[in-house]
Structure formats: structure tokens, C-alpha cells
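Given chain A's structure and the hints, the job is docking chain B onto it.
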Amino acid sequence: MTSVTVNGRRYDVNLPDDTPLLWVLRDELGLTGTKFGCGMALCGACTVHVDGQPVRSCITPISSVAKSKITTIEAIGADQVGRAVQAAWVDMGVPQCGYCQSGQIMSATALLKRSQKPTDAEIDEAMSGNICRCGTYVRVRAAIKQVAGQPGAAR
Amino acid sequence: MSAPRAEGPTDRPVVIANVSRRRFLQGVTALGGFVLAAGFPSAARAADPPKYGADGMPNGWVDDPLVFVAIAVDGTVSIVCHRSEMGQGVRTGMPMIVADELEADWKRVRVVQATGDEKRFGNQDTDGSRSTRHFFEPMRRCGAAARTMLESAAAARWGVPVGEVEARNHEVVHAKTGRRAGYGSLAKAAAAQAVPARDTVRLKDPSKFRYIGKGQLKLVDGRDIVTGKAQYGIDTRLPGMLYAVVAHPPVYRGKVVSYDTAETLKVPGVLKVVEIEASAPPAQFNPLGGVAVVAANTWAAIQGRRALKVVWDDGPNAGYDSVAFKATLEEAARKPGKVVRDNGNVDAAMAGAARRLDAEYYIPHLAHATMEPPAATVRIASGKAEVWGCFQSPQAARDLVAKRLGMSAADVTVHVTLLGGGFGRKSKPDFAVEAAVVSKAMDGKPVKVTWTREDDLMHTYFHTVSVEHLEAGVDAQGKPIAWMHRSVAPTLFSTFVDGAKNEAPLELGMGVINVPFAIPNVRIENPEATAHTRIGWFRSVSNIPHAFAVQSFVAELAAAAGRDQKDYLLEVIGPARRVSPEALSDTWNHGESPERYPVDTGRLRRVVETVAREAGWGRSLPKGRGLGIAAHYSFVSYVAAVVEVAVDANGSVSIPRIDIAVDCGATVNPDRVRAQMQGAAVMGVSIATVGEMSFKGGRAEQQNFDTYEVTRMAGAPRETRVHILPGDYSQPLGGVGEPGVPPIPPALCNAIFAATGKRIRRLPIRDQLKA
Chain A
1 MTSVTVNGRR YDVNLPDDTP LLWVLRDELG LTGTKFGCGM ALCGACTVHV
51 DGQPVRSCIT PISSVAKSKI TTIEAIGADQ VGRAVQAAWV DMGVPQCGYC
101 QSGQIMSATA LLKRSQKPTD AEIDEAMSGN ICRCGTYVRV RAAIKQVAGQ
151 PGAAR
Chain B
156 MSAPRAEGPT DRPVVIANVS RRRFLQGVTA LGGFVLAAGF PSAARAADPP
206 KYGADGMPNG WVDDPLVFVA IAVDGTVSIV CHRSEMGQGV RTGMPMIVAD
256 ELEADWKRVR VVQATGDEKR FGNQDTDGSR STRHFFEPMR RCGAAARTML
306 ESAAAARWGV PVGEVEARNH EVVHAKTGRR AGYGSLAKAA AAQAVPARDT
356 VRLKDPSKFR YIGKGQLKLV DGRDIVTGKA QYGIDTRLPG MLYAVVAHPP
406 VYRGKVVSYD TAETLKVPGV LKVVEIEASA PPAQFNPLGG VAVVAANTWA
456 AIQGRRALKV VWDDGPNAGY DSVAFKATLE EAARKPGKVV RDNGNVDAAM
506 AGAARRLDAE YYIPHLAHAT MEPPAATVRI ASGKAEVWGC FQSPQAARDL
556 VAKRLGMSAA DVTVHVTLLG GGFGRKSKPD FAVEAAVVSK AMDGKPVKVT
606 WTREDDLMHT YFHTVSVEHL EAGVDAQGKP IAWMHRSVAP TLFSTFVDGA
656 KNEAPLELGM GVINVPFAIP NVRIENPEAT AHTRIGWFRS VSNIPHAFAV
706 QSFVAELAAA AGRDQKDYLL EVIGPARRVS PEALSDTWNH GESPERYPVD
756 TGRLRRVVET VAREAGWGRS LPKGRGLGIA AHYSFVSYVA AVVEVAVDAN
806 GSVSIPRIDI AVDCGATVNP DRVRAQMQGA AVMGVSIATV GEMSFKGGRA
856 EQQNFDTYEV TRMAGAPRET RVHILPGDYS QPLGGVGEPG VPPIPPALCN
906 AIFAATGKRI RRLPIRDQLK A
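Same order as they appear, the protein sequences are chains A and B. The first sequence maps to residues 1 to 155 in my numbering. The second sequence maps to residues 156 to 926 in my numbering.
Extracted from the complex, chain A is given alone in its bound form:
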């Protein structure tokens, strides 16, 4: 038995300790906003925040986050930066299929919380772990810049 704290709520989970957080969120807690993409921390679709840091939940055993505060896409709007990122995503029409965008938003929010005016190189570094097969990268970059109040935000 492990306990996890997700979006401010505590849950007891009766699954093996090595079960990845991703599958606990999706299959046990019904929080399907966090997506499965690769299972090997290669694509970023499963990104959540663990104590404010972006983490790939698909390779994170639940036992390793029992004492942490986990935030998922469903609750990132409660954060001021997260809310601004979501609004910019809608405003600039970033999503195409939308599947990877939970992870993109979680990574972008973490970036903007540690760097208010990220450079292009910082954006590349923070976001290159998140694959978008529809190819929304130009708008992801533009939306990040819009939140940061930087020029070059034209979509």
C-alpha cells in the first residue's frame, strides 16, 4: 500500500511499489489528462509536476513520490502561470490533435515558473523532451513568448 498526493488530494493505492505513477493516475485515479506516449521518458506526453518539477510519470515508480506533491494537467490551472499558459494555448490555437499538449503545457509551465523571460535556447532545451507529431512547435514557442510578454509571439 502506497499513498500519493495528487492535486491536493491524498489517495491510498494498492498496487506494487514499482508501478509507474502514469498508470496510477490514468487507470486507478481516472486522471486521464496525463498521456501515455512511449513508456521510456522519450516523448514527454506523461509530464506532471512533482514538487513543482517537471517529471516523466511513465518511469516514476509510485513508491518514489509517496512523500511528494503531484500536480497534473487537471489542476495546473489553479497555478497562476499554469492558467496563463492554458489561456495562451487556447488564444493562439496551439493544439492540433491535442494529445501531447498536456505534457507540453506542464513543461512550459515549469519553464516559465523558473525563467520569466526564457530565451529561444532555453525554450529549445526545456521543450525538446516533448514530441508533437502534428508539428505545433512554432505555436508552442510563440505561446510561451506570449505568456512571457516577449516579442516574436506572432503565430
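These aren't lab readings, by the way, just hints derived from the structure by calculation. Remember, it's a predicted structure, so these values are computed and weren't measured experimentally. Treat the hints with care, since some could be wrong.
Claimed, not checked - Lysine to aspartate or glutamate pairs mimicking EDC-like chemistry, simulated, CA-CA at most 16 Å apart:
| hint | chain 1 | residue 1 | chain 2 | residue 2 |
| --- | --- | --- | --- | --- |
| 1 | B | K343 | B | E326 |
| 2 | A | K145 | A | D124 |
| 3 | B | K363 | B | D260 |
| 4 | B | K384 | A | E125 |
| 5 | B | K359 | B | E321 |
| 6 | A | K113 | A | E125 |
| 7 | B | K373 | A | D91 |
| 8 | A | K145 | B | E874 |
| 9 | A | K69 | A | D79 |
Unchecked claim - Derived DEER-like restraints, expressed as beta-carbon distance ranges:
| hint | chain 1 | residue 1 | chain 2 | residue 2 | range |
| --- | --- | --- | --- | --- | --- |
| 10 | B | R774 | A | Q116 | 30 to 38 Å |
| 11 | A | D17 | B | R914 | 51 to 59 Å |
| 12 | A | Q116 | B | D861 | 31 to 39 Å |
| 13 | A | S128 | B | R774 | 50 to 58 Å |
| 14 | A | R83 | B | D415 | 34 to 42 Å |
| 15 | A | G149 | B | G779 | 29 to 37 Å |
For each residue, glycine too, the CB sits at the ideal point set by N, CA and C.
Chain B only, in chain A's frame:
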């Protein structure tokens, strides 16, 4: 403007619904399994006149407002979207067409996703860049008919001639008396009105469009996507649902010999192991077979599969090896093959040419790698089955599940979720049939089958692999007088017809035979190639290798002649003219009428000229940078791209900017056209720079994103400028989802040549520029 709230399938009571049914069913109603399954326009019987566009698709089109529109007494307008949303924006664009003609206020519109039911909704195959071009007119008529019914109801209520009232932004107005009635108050009476005859329906003048062509509306699903509420196939959750993954044969057409479940059944959460019988060839959309592990959650199923010991018979494709197969294709490309187009006398012109040039181009297999891997859920109860999943072709899912379960299609309901990417993969609902087989084995309990990334990459319906061999004879000025193109690639028809070895008309018509160049002597040949894996369609399909070869070769000819690439390309395209597809031996023409959709070289020239001007063609660039151009006609749209590339001292490629000019006719949602072109640029870059699936011992060598690379943020173009040419709503529309991809790889490689003098003829580029 705010977005209307998106809704899934609903039985919410509405007023204009379930009254009299008028069937506007047109087109083909009964088709053989192959045509239906493949989702291609029907091959008309000899006696029938040919059918084009939506008329030629299985189950044609429907424009009945009673099928697509419902108005509730509170004024909420529900509009059905019968096409699948996979990122192209169809759940916004299609209802927008109806809403505009209906004079509905978008803020009060709800979008309802259709179930898979082509008899009711018309063709639902969401591929071929066809949704808007086939349904723009039916959806306009549908909205206009509903508007007419509201106007008639209001006129009857007020006892005034219908010609005196006008529907305007969610209400009907009688200007003379200033009376107005909201749509909700008219809903009941409107429902009692007869649906107007199609030829009496009055469409809006395009100058009065509120939404069509404006691009100001936000995505219907945008808010749900950014808050994690959007539901994809993989997100389906039902009470008592079980989770399964399938161990597939590692080699196509391999079979299970035996399996040992002892370790699997020890994994906590694993419930049962179910064998899925291998399907006999041809592959079609049938399951590959294998062994399913059923568990209480996805992770347990994955762990259980890992512990499974299966002995496989690899079957006839055990020797498939990409290195050897490339040599096989090259050998075929260097010998004469089936002649599929022949104009003038190529041999004589070659013999008399001042100079002859040749080149060969290679593009490997590719995997779609949709970010959401295939996933489907099936529940069986009381002789009926329900299916949930990410389907580009929900009717095919319905028919195949019904067939596998021995049911009538009427007893199978297919709920279409959002698709986390499609790109052609999700046209093939083999994964739904797997879920049906497993659910049946679990006494009908709901079972979700999830493909892992490894399943997806190793067992997709691969984009073909091809060698394109080109030869040209040029005159003393370097102008081509003879053109010979041999295209060799396993055909996607091998997936439907066992042993098919030649490219089908629809593949040849993707930019190899229907190249409208002003060259008097042209011969196109297609030598045979054998498929050793499942070949499928991948966004823009055969246009990828064909455009890469043709547009690279034209640039090579330009370089040999010492000419500017853009000027030379325009000269090869020749003067503006409308070329009949038949004159190019193209019997397919994207399923469209040759009269309505000729190949218009004027439009092709215009996108070249536009993109060159907008990109600043000819501008001076620092060392290591270059511009390249390419143009391609596909899905009855015209696209040209200029890529600016930077190649550093280590041979690393980056892309500061891409310009794309697109002429797809008039647009419904220009912001989504722009988005599709931006996305196509990234996919084109991905194909050109890193994309490759290879086989050894019959097995796909790439299993996840560590080895099957796709373009990420840092490798993507830093800036993509899209230039949409103005269109006319009275003219036929073109496709948007796919035509942006083909020009990108050749434009990029032409830019690399300009920057470095090095010509890339084999994709992906990967480290070919490293010193």
C-alpha cells in the same frame, strides 16, 4: 469570440430530431469488402457513369438537416460532425459551415460527434484530405435548409409572406413590423416544417459569411485539451473495464507456435491470457494475431506480456532485410518496367540530346507514430457490441467488429473519440477487432486494448520504401527535352490483394505520372516490387517519394545548366494552362472529375512565384546558409515551399525559416489551413532529416523514440510563414491536410545543395553532411 462547448455523443432530447426522415443518400450504397475497407472511391461498374468526389465514395454524402442539426427550446443548436477529429480542426470547421448558413450564433452551438454510421451520415472515411472538399457544399445546403425551416415557421406564426422574414444571428426578423423570434422559440414549429427541396434551398452570398473564411473562431475542443478533459481512444473508462495488451508476431505473417503463461499469470493484476488467431493474407484491416494479456490495469498487462514466453513461426517474411531490399529495388529501377505513361519518343529524344543526366533517390519505410498509439474498447452484451476508439474510418471498424463477432453491423455501435493523431494509421481498425476478440473471450466484459509504442512502431501499416530512378536529356541550353522516371515501391494494394506488385493508379497519380511539365517526350515506368510487411497510407502517401525525386531532379538539372533553380522550375512547368489528367495518363485524379479538377499549371506557377517573392528568393545569406524551393500538386491543391537552411561546420542542419504558399481554393478556416501547413513543414523536416524504419530478420529495428527519431522543438523550423492564395467559393475546393508535406523534403535538400554544394539523394539526411 468564445468557443462553443464540445460534447460527445448524447441522447439529450432535442426538438428537430426524430421527426420525419428524409434520405438524401447518394452515391454508392453496396460495395465489395475491399473497396469499402480501403476507403477509396469505387471502381464504377462498366455500365455506370463514373462518379466523382463525394458521389464516388462509399455511401456518398448526406445533406439532410434532420440528420445533422437539432435545435432545443432553449435555443441551443446541436450540429453533428460526422468526420473524425485528428488535429485538422474538422470538429470546428465542419459545424462552422452549417452554423454559418444556419445564421446560428457560434456561442450557442454544440458539436456532437457522430457514431460510425455511413448510411445515416454519408461517407466518414477521414483521409485523403477530403472532408472539407467533399462536404462543404452538402453542409452549406444542410444549414441553409434548416434556416429556411426556421424562417417558414416564423412567417407562418406572424402570417406574413416568408419572403419578408430573414434569419439573422440566431433569430428570425420581420423588418416591416420589427418582430423577432429566437431560434429556441421557433424550434418546435420549425421541426414541423417540410424540409425544402434541395434545388429550392437558397445559399448565402459568400460576402455575408460570418465564420467561413474568417478564421476567428477558437477550436471547439481547445479548452478541454488544455485542461486535460479531452477524451481520446486511449482514455476510455467503463465500469468493470479490463485492460489488455497484445504480443504480436515480430514478423509480418508470423504465427504463434506455442506459449507459456506460467510467469505471466504470477504478475499481480493479470487475469487471463487469450490467443488471437492470425488472419490469413491479405492483411486488410484484420488483426495480426498473437497473444493478449488481460489485466486489472494497463501496467499489469504490460508486465504480464513481458513475462510471456511465446515461440513464433516467423513465416515467409523472416528474411526481410532493408539493406538487401534497397539493392533489390535499385536493381529493378535500372531495368525497364511496366510503362504507365508514354508521350513522344523518349529514346529518340535521349539519343539526340546535348547532354544526359540521371539520378536515383531513396526514401525508407516510415511509421506514422501518432502520439496516441492505437487503442480501442469493446463491450458485448445482449447480442450487441459497443466500440469506443480513435478511428479515422468508424464504419470500417463497425463492419469488421460485426464480422468478427458474427453480428449484423446494425448491432454494433462505434463511438468515435478524439484521435491523438491519425496520419492514415487510424484508418485501419485492426486494433478494434483485437478488442472485440478479447472482450468476447472475457464474456463480453468491457476490454480496452492499448498498443504500446513498441507495438505501434513495429506493427504499423508502414509507409512504403522506394527507389526513384530519373533520367533526362537536355538541349544545348540545358532545357529538358526527354524525361524518364522509373518508380519502384511496394504498393499499398498488397495489403488488400495478396501478391500485388505494381503501384496502383492512386499511387501513380500522386506525383509521378501527373507531373504537368512542358517536356515533349516523357516516359514513366513502374517495375515490380514485392511487399514484405503491411504497407499503408501515411500522410500524403506516395507524393512523398515522388515529389522528393522529381523536385530534387529538376533542381539538379537547373544546377547542371547553371540556372537559377526557381526560374528553371517555372520554365519546366511551362506556361499557364489547364492540363487534362487523361493527357497525363492519370485515371485516378484523386477521385475527382477531370473537368472540375484539371491540373492547372497557372496555379502551380502562382504558388512558386508567391513563395519566392514572400521568402525573398535571391536574398544574400551568410556562409553555410542556403535557400531551396520545391512545388508539388497533390490532393487537388497546389503548394510550394522555400526552405532556408543553415549547415554548420560539423554538418549539423538547422532551419531558421520555411515559407509555404498554398492554393487550396477558398478556405473555411484559414487559421487551421495555416496550422496544417505549419505541421506539414515539421513532418516534412522529420521525414527528410531523421525518419527511418528498417527491417532485419523480418523485424522492425526501431521500437521506440530513441531509435525512431522524429523532429523535436530544436530541430523544427524556427519560423514558418504560410501564404494562403485567395480562393473563390464558387470554385471546387482542394485538400489541406496532406499537400503541405511533399514539397518540404526536396526544398530542404535543394537548400542544402545551395548552402554546401552537396546533393542529398537518400533520406534521411541524418549524418550525411558530417565531415
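Notebook entry, point to check: Going straight from one Cα to the other, do K363(B) and D260(B) come out at no more than 16 Å?
Noted result: OK: K363(B) and D260(B) at ~14 Å, within 16 Å.
Check: Can the restraint linking K113(A) and E125(A) be considered satisfied, given a maximum Cα separation of 16 Å?
Finding: Roughly 15 Å separates the two Cα atoms, so the pair holds.
Item checked: Cβ distance range 34 to 42 Å for R83(A) and D415(B), holds or violated -> The hint (34 to 42 Å, Cβ to Cβ) is violated, given that R83(A) and D415(B) are roughly 52 Å apart.
Next item on the list: Sort out whether D91(A) lies within 16 Å of K373(B), counting only the CA atoms.
Entry: 7 Å, holds
Note to self: Given the hinted pair K343(B) and E326(B), is their Cα-Cα distance within 16 Å?
What the structure shows: Given that 16 Å is the threshold and the Cα spacing comes to 14 Å, the pair holds.
Check: Would the pair K145(A) and D124(A) pass a check requiring their Cα atoms to be no farther apart than 16 Å?
Finding: Answer holds: K145(A) to D124(A) is near 12 Å, not above 16 Å.
Checklist line | Hint check for R914(B) and D17(A) - Cβ pair distance inside 51 to 59 Å | finding: 55 Å, holds
Notebook entry, point to check: Does 50 to 58 Å hold as the CB distance between S128(A) and R774(B), or does it fail?
Noted result: 29 Å, violated
Notebook entry, point to check: CA of K145(A) to CA of E874(B), is that 16 Å or under?
Noted result: Judged against 16 Å, a Cα distance of about 13 Å means the pair holds.
Item checked: Hint check for Q116(A) and R774(B) - Cβ pair distance inside 30 to 38 Å -> Given a distance of about 35 Å, which is inside 30 to 38 Å, the answer is holds.
Next item on the list: Take a quick look at whether K69(A) and D79(A) sit within 16 Å of each other, Cα to Cα.
Entry: The hint holds at about 14 Å.
Check: Would the pair K359(B) and E321(B) pass a check requiring their Cα atoms to be no farther apart than 16 Å?
Finding: The hint holds at about 12 Å.
Hint check: violations occur at hints 4, 13 and 14; the rest are consistent with the structure.
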